[in-house]
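Number of protein chains: 2
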Amino acid sequence: MKKSGWKIVSEEHIGNFRIFDIKQLKAVSPRTGNQHPYYLLDSTDWVNIIPITKENEVIMVNQFRFGTSRMELEIPGGMVENDEDPMEAAIRELREETGYIGNKPIYLGHVDPNPAFLTNKCHMFLVEECKYEGKQELDPGEDIEVQKINIKKIKDLIKDGTIGHSLVICAFNFLDLHRK
Amino acid sequence: MKKSGWKIVSEEHIGNFRIFDIKQLKAVSPRTGNQHPYYLLDSTDWVNIIPITKENEVIMVNQFRFGTSRMELEIPGGMVENDEDPMEAAIRELREETGYIGNKPIYLGHVDPNPAFLTNKCHMFLVEECKYEGKQELDPGEDIEVQKINIKKIKDLIKDGTIGHSLVICAFNFLDLHRK
Numbered sequence: 001m002k003k004s005g006w007k008i009v010s011e012e013h014i015g016n017f018r019i020f021d022i023k024q025l026k027a028v029s030p031r032t033g034n035q036h037p038y039y040l041l042d043s044t045d046w047v048n049i050i051p052i053t054k055e056n057e058v059i060m061v062n063q064f065r066f067g068t069s070r071m072e073l074e075i076p077g078g079m080v081e082n083d084e085d086p087m088e089a090a091i092r093e094l095r096e097e098t099g100y101i102g103n104k105p106i107y108l109g110h111v112d113p114n115p116a117f118l119t120n121k122c123h124m125f126l127v128e129e130c131k132y133e134g135k136q137e138l139d140p141g142e143d144i145e146v147q148k149i150n151i152k153k154i155k156d157l158i159k160d161g162t163i164g165h166s167l168v169i170c171a172f173n174f175l176d177l178h179r180k
Numbered sequence: 001m002k003k004s005g006w007k008i009v010s011e012e013h014i015g016n017f018r019i020f021d022i023k024q025l026k027a028v029s030p031r032t033g034n035q036h037p038y039y040l041l042d043s044t045d046w047v048n049i050i051p052i053t054k055e056n057e058v059i060m061v062n063q064f065r066f067g068t069s070r071m072e073l074e075i076p077g078g079m080v081e082n083d084e085d086p087m088e089a090a091i092r093e094l095r096e097e098t099g100y101i102g103n104k105p106i107y108l109g110h111v112d113p114n115p116a117f118l119t120n121k122c123h124m125f126l127v128e129e130c131k132y133e134g135k136q137e138l139d140p141g142e143d144i145e146v147q148k149i150n151i152k153k154i155k156d157l158i159k160d161g162t163i164g165h166s167l168v169i170c171a172f173n174f175l176d177l178h179r180k
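Protein chains in written order, with the numbering used here: chain A, 1 to 180; chain B, 1 to 180.
Hint data in this document are derived by calculation from the structure and do not stem from the laboratory.
Beyond 12 Å from chain A on every Cβ pair, some chain B residues (computed): (1) Glu57; (2) Val58; (3) Asp85; (4) Glu88; (5) Lys104; (6) Ile106; (7) Tyr132.
One side only, chain A facing chain B, incomplete, derived with CB under 10 Å: (8) Ile14; (9) Arg18; (10) Val111; (11) Gly164; (12) Leu167; (13) Phe172.
Because the structure is a prediction, the values reported are computed rather than measured.
Note that the Cβ used here is the ideal one computed from N, Cα and C, for glycine as well.
Whenever a hint applies, use it, and build me the whole structure from the sequences.
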């Protein structure tokens with residue numbers, strides 16, 4: 001496999017936008033010898049969780065998303081906080097967003113949300129035998145409806161576009177790889 | 001399904017960062033009645049392409065990515081330009097990044113890269129019977145090595161983390177759904 005060969009000549013902090021920072025890199029191309037600018041979004045890692053009940057229902061979250069301007073059917077997830085490991089974040093986000101708890105999370109793997117300009121990873125977990133524990137504890141900026149969907153319906157919901165979030169689709173893909 | 005209920009009260013352009021613009025929305029929560037800020041990244045749509053030869057090899061691209069600071073094994077892809085439709089962009093990106101051309105692209109579907117803060121879609125295409133046509137035509141900021149990988153090896157490369165880009169994983173997932 002080819003080596004990188006890029007030489008980074010400067011790195012500048014451009015600004016903080018709550019859930020990420022923007023940095024600008026300048027780097028010299030090994031191919032042309034010219035210098036090029038790259039904007040990066042620096043963010044903490046994310047987690048998402050596939051929570052499943054004994055009855056093979058996935059505990060999903062349905063909420064308005066400002067990026068796509070529509071209600072999105074997703075699995076619970078969020079940002080890993082400074083002092084957390086990803087598994088703790090998964091347990092916390094599941095409990096806060098849905099009110100459910102379950103068995104110890106099983107690590108499914110991680111993906112890079114976008115290696116071109118996002119610096120973080122998204123860690124994916126499976127939580128089995130989920131049970132309702134008590135009321136959601138939502139962040140001020142969240143308004144989330146919980147919806148239980150039979151696991152057998154997920155592929156059709158991806159195919160017909162009801163589930164559109166790339167990272168949610170990746171999590172179900174990793175669940176398939178895990179169960180094979 | 002629950003209705004949104006959010007009321008957007010302002011929208012401000014924060015800045016242009018070459019491949020995206022940042023906007024700030026302020027919106028009133030239907031749950032709490034309080035106003036919250038949301039940062040959005042406005043970008044044109046993206047495309048990615050699974051190019052396959054008669055011998056069932058996928059034409060992949062291997063390049064250094066500044067987000068993850070490592071060489072990434074991906075499929076060709078890029079931004080849809082202003083005057084293009086996604087299929088034209090797919091044909092163009094395939095030719096520019098790899099030097100290959102093939103049959104008319106088959107639309108596999110689209111995903112939302114991140115509905116929380118990205119406004120765009122990623123359209124995914126399959127291009128069969130790919131053949132080498134001539135030299136790559138790379139953008140000044142690109143340095144790409146072409147690598148042919150047998151389609152049967154893809155799942156293992158996703159599982160072991162060699163292929164890490166979430167949108168590349170989504171494209172192979174949609175190829176599976178398409179072929180079933």
